[in-house]
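**Q** Chains as they are written, first to last, in my numbering: chain H, -13 to 230; chain G, 160 to 213.
The hints are all genuine.
From the structure, some residues in chain G lie toward chain H, with a derived Cβ separation under 7 Å:
1. Leu175
2. Val182
3. Trp197
The set of hints was computed from the structure by calculation and includes no laboratory data.
Ideal Cβ placement from N, Cα and C applies to all residues, glycine included.
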Amino acid sequence: MQRSRIFGPVGAVWFLLTLAAIVYATRLGLLLAPTEATMGNVARILYYHVPHSMLSLVFPYINFAASLFYLYWRRRDPLKALTADAVAIAGAEVTVVYGSICLLTGMLWGRVAWGIWWTWDARLTSMLLLWLLYVSYMMLRKLSATGQTHTLAAVLSVFAAIDVPIVYMSIRWWRTQHPAPVFGGGDESGLDASMWPAFAWNIVAWALWGVLLLGMRYALERRRQEREQEAALQAIEASLEMAQ
Amino acid sequence: MNFSWMFGSSMEARHLLYAYVAVWAIQGGYAGWVLYQWLRAGRQSRTVSHTDNH
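So here's chain G without its partners, still in its complex pose (with noise of 0.2 Å):
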């Protein structure tokens, strides 16, 4: 299977490129953020209820 086409180096491999890494990273990058989040916002009420224990 020849997909050497997709590294190319004319307008149209380039796009095609773009467009799928673009989505890969966007899609990640959000998903990654949630569970950055979702650590941050654990810890902090962590913190809050260790705080409040002593």
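The shape of chain H in the complex, shown without the other chains (with noise of 0.2 Å):
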């Protein structure tokens, strides 16, 4: 049966309050927080682009524990692979638009601070690669036409999955054009307190609207994977009236 929405009641609160927390966050990294001492304005971008950066090193976890289940589930479960399936291509999606964000927000964002709008330091090389990566898991999913894409996306996903900790890290193993780590790089690292609500409610809002996505794509997909059921028990049952 064909559910008519996209999300039930508890989406659609869910939808609403992310929204809220969105729209109060974003008043509070635009208006509210203070103005950064050494870049001036422009330094607000931080609220959106480090919030959406760190998200876009987790989501990829998504698409690489779905794909795992997919992989070990395909012969045993099959109903159970294909909802691993649904999963893992929502959270390869989510992944590209946020490591969109995170790449576009950070030129402009750099473009203002060092002059340049990209260079081939470590951090921005790896984000890059990662964004690649999925790019090209969403192009194998939607361009193969063997048997195996499903399988050959799961294997893809696994190794895109090696680059994360990688992005993570770039900062800390190498000397890089990219600022130190703000959280867990030292002594001198952190934020100013009177930058955290903003910073803080940014996390949360664009976290939940992950989320709200996720559900959103993964309803698509399931949607999709019946009609391609309905239609093959079509096929096979007029191939069978054929026959008769």
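Two chains, two frames, a set of hints: combine them into the complex.
**A** Set out below in structure tokens:
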């Protein structure tokens, strides 16, 4: 049976709360947080750039875990494997969305702060590589016509996930143009207390939004799978009728 | 509260505005695309079922 809505009452409440949180977080970041002493107002990009960057390193693991479950279940329990596959594509697409925003806002900020749009330092390059890997994952799923597409995509996802810790550690392992880590970067790292509310609200709001997107994309994939199953069943029925 | 600086012509002001607008555009665009695909998949599914009943 087809579900008529992309999300139920819980999803609708989630959507409204998330929208309110995003508006509030944006107001904090853009209007109420103090102006950064060195860079001025352009540093307010931080409130969108850093949460999206952090979350773009979290969503790949949803794709990774779902891909592992898919590989495990694909012969043992095909129905569970389809569910895992729907979670995997949702995780990959949301990773690309958040990764795109990370790269784009970083470039806009870098042009003002460094005077250049891009530099091939370890953080930026590894992040671009991560983005390209998940774009490749989506292209593979979209364009490959073999019967093994989902399995190949799941294997690619396992390799793509290896880049995530490299992106995270890049500013610790190598000297980069990108600033040193704000969190866990030693005694001199960290945010000023007055910047925390805007930063924390943006993390929470964009995480809630990301989960909502995951849910919506998962529901879409499940609907597509149901449609494919219906079409396959009808094809079988039609061929049986012709044979009689 | 003075926030006219947000709409100034300096590179700093422009890039800040572009960044915030781009985030809303990308996030909203993706959510809209998923919703559109969901509705489209539903219509196609109903068409298949409808055809099957006849």
